[in-house]
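**Q** Here is how the chains run, residue by residue.
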Amino acid sequence: MEIEFGLEDLAKYPFLKEAGDYVKELNLSVDNLCQEDYRPAVERAKQRVIEAIQKNYISSETSEPIVELLSFPLALILVRAINVEYIIHRYSLAESIRSERFLKKEKKSIISYIFKSTFNVELISLQHELFDFKINLSEYLKRATYFHQPEWKLINRIVENGFVYLKTFELVRLIREEIRRMIYERMKSASLPSMPKYLKETLDEISKVLPTIPVDKIHRVAPENFPPCIIHMLNLLKKGQNVSHYGRFLLTTYLLSIGKTVEDIIDTYPKSPDFNERMTRYQVEHIAGMRGGRRRYKVPSCRTIATHSLCFKDKNLCAKLRSPLQFSKKPSFHKKSNTNS
Amino acid sequence: MIIMNERTLAFIKQAFKEYYFKNAEKIIAPIRIKEREFGYISFDKIMIRHLSFQNEGDLRAFFIKEIPRSIYYSCAYYYEPTLTMDKKGWNGADLIFDIDADHIPTKCKKEHDYWICKDCNLIDKGKRPDKCPKCEGMRIDKENWVCHSCLEATKDEVIKLIDFLLEDFSISRENCKIHFSGSRGYHVTVEQSDLEELDQLARNEISDYISGIGLSLESLGISKRVSYEKMHRILPLATEFGWRGRIGKFFSEMDFDNYGNNDIRDKIIFFHDKMKYKNFDNFIREIVEKLSVKIDAMVTTDIHRIFRLPNTLHGSTGMIKKSCKDLLSFNPLIDAVVLSEEPLKIFVDHSPIFTLNGNLFGPYKSEIVNLPIMTAVYLIGKGVAEVY
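From first to last, the protein sequence lines are chains A and B. Yeah, the first sequence ends on 344 if you go by my numbering, and it's all consecutive. Yeah, the second sequence ends on 461 if you go by my numbering, and it's all consecutive.
Just chain A, same shape as in the assembly (with noise of 0.2 angstroms):
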């Protein structure tokens, strides 16, 4: 099936191949782009990285398709020039988010192109009451693993035949992790070209409101309060040697204990060449109560933890706690921190 893209359709779907062709063909250069006509892409280019920073959201604006389509090339090449980590994530999600917007409302024909073309998924279409589009069983358990909401879980879908049923909405969802890792790729592969002046400028703009990224603010224990057992896994695992199960369970509980996120300790762990992260992903969302039984599960007992041999105590500072997370509000303790300071 051949579908003729038109160049608003193309606006909206930036990321495609199709996309990409269209602009080579245009052969214009970086400089070419920084001409007097085509200020109003740089403008968009502008306007987009800074609604992804400041909100993470770019708006869903066609009202000139050509301007549109040539402010996207023009973003990935700004946002590679900050080349900061966070800035790169958070740009590649919020054009997923808006691609995701348009695809939510697009033809049934578009959207079966699309995911054939791209991500070489094939679709059949269902003249269905409840459900738009059926996909092949191993597609569908390839994407939904990484969701926790219950409704994405194989044994809640309609399954037949080897096919999951769903709704535009939720096929869409689907593939927007796929649109973003597009992106986020297509980024940081690229070379960065030289930059003419006027973009160096534009680039000077999007610095000012480039946000200072907030370090350890919620996380109420600094690490050098953490209790030893907790100081003797994050050691070992900085010199790269083997943590336990129940030690990276104990990591991990008391962790998110005190507030850090499931993303700060996938962090947390090396990145050895056997590093898996959907698995370790998987397994903190599992003791953070994000998946299976749901249970979070609470930080072990000094007396568990001696159990498994992970006690490293501390006679002074541990004397008759029961859970590493009593160390740090300990009474002794802050005498100790107060008179060190």
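Think of the hints as simulated: they come from the structure by calculation, not from any bench. Yeah, the Cβ is synthetic: ideal placement off N, Cα and C, and Gly gets one too. Do not take every clue at face value.
[Claimed, not checked] Pairs of lysine-lysine, DSS-like flavour, derived with a Cα cap of 25 angstroms:
id : chain 1 : residue 1 : chain 2 : residue 2
1  : A       : Lys170    : B       : Lys303
2  : B       : Lys347    : B       : Lys303
3  : A       : Lys145    : B       : Lys215
4  : A       : Lys242    : B       : Lys303
[Stated by the list, open to error] To give a feel for the contact side, a few chain A residues facing chain B, derived at Cβ under 10 angstroms:
id : residue
5  : Leu133
6  : Ser141
7  : Leu144
8  : Tyr149
9  : Glu154
10 : Asn159
11 : Gly165
12 : Met282
13 : Cys314
Please build the complex by placing chain B on the supplied structure of chain A, with the hints as guidance.
**A** This is chain B only, laid out in the frame that chain A set:
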């Protein structure tokens, strides 16, 4: 439990050797043999892994040379099966289900399952207590046996599983291989399907689907916040697919008094109204429990696991892992028994009544008996007998 002495071990090895010498041609290579990891347990009780065979001939020659006590192959396909786990390069895995008699509650268990106190050697039948009533020791072993009745219950689970695989997942019947494991249950192996590329998390979903874990009432159209009128439009019907269809069918086939209407949705609402949300929720959970399959989730979600090779002897029973061409007529305690019927004198510490190859044996209690080799190997493998 009797620790196997050298004479007994030598006897078992001889019995296995004779079998493999006569039946080497029955050993069939799994598909894509070159990509599989093999492992075996020798008669010295050593587990050797990371082996690979190029073809069926090499595999058969290995049996004649090594006489393995148990031999296994990986569900996974690897680029380099002989390297260590992190260097093998995973390239998909068959989807495998294990249904074990131990996981299915049956009445016969209290007749043939024992528990043994490791401290004072007290043995008794029935459910394993938390502590020994005699010495109050906590180290208590279980010793489970199987009979026709619990293996039939296991088979019923296999039949339910096949329905899920064929109807819901559209797996072709030829790609679903059913084997009696050689001991207490069945393995169902799905080969050559696009599910082979799924990772552990995706297999977890498949396992939960089949085990009935996580089904929400909302997915059946039942909600506290919705009027009965609206609910009526979205409740399941018997003609639907998947779990909704299963639940719909259950209600349509359910007989109960005081209700003449045959409309399934009316029936569901009637129950919901009568029981109120919480009890109704429990009622649905009971239905799901009945309709789900008692698979071992650990097995299905392990994408590196090794499984006993079909047509080879189970090291603890002397029966073979046997393909079930016709599941309904398959009788594991006859069809998987392959060792000789020549008599042998053995000492049996204890055993309940059991059947093997159509013959009734036991119960035995600290006695010397003349038994066919197939039965002797079975009892020795259980750890309750030795060559006299």
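**Q** Does each hint hold? Answer for all of them.
**A** Consistency of the hints with the structure:
1. For the proposed pair A:Lys170 and B:Lys303, the alpha carbon gap of about 19 angstroms is at most 25 angstroms, so the pair holds.
2. Between the alpha carbons of B:Lys347 and B:Lys303 the distance comes to roughly 18 angstroms, so the proposed pair stays at or under 25 angstroms and holds.
3. A C-alpha spacing of about 40 angstroms is found between A:Lys145 and B:Lys215, which places the hinted pair above 25 angstroms, so the restraint is violated.
4. Simply put, A:Lys242 and B:Lys303 have alpha-carbon atoms about 60 angstroms apart, too far for the 25 angstroms limit, and the pair is violated.
5. This hint holds: A:Leu133 has a C-beta 8 angstroms from the nearest C-beta of chain B, less than the 10 angstroms allowed.
6. Because the beta carbon of A:Ser141 sits about 5 angstroms from the nearest beta carbon in chain B, less than 10 angstroms, this interface hint is met.
7. The closest approach between the C-beta of A:Leu144 and any C-beta of chain B is roughly 4 angstroms, which is under the 10 angstroms cut-off, so the hint is satisfied.
8. Restraint check, A:Tyr149 versus chain B: the minimum CB separation of about 9 angstroms is within 10 angstroms; hint holds.
9. Among the interface hints, the one on A:Glu154 holds; its C-beta lies about 7 angstroms from the nearest C-beta in chain B, closer than the 10 angstroms criterion.
10. Hint status for A:Asn159: holds, given a least beta-carbon distance of 4 angstroms to chain B, under 10 angstroms.
11. Hint status for A:Gly165: holds, given a least beta-carbon distance of 3 angstroms to chain B, under 10 angstroms.
12. Taken as an interface hint, A:Met282 checks out: its beta carbon lies about 7 angstroms from the nearest beta carbon of chain B, inside 10 angstroms.
13. Because the beta carbon of A:Cys314 sits about 24 angstroms from the nearest beta carbon in chain B, more than 10 angstroms, this interface hint is broken.
Taken one by one, the earlier hints fail for this structure at numbers 3, 4, 13, listed in ascending order.
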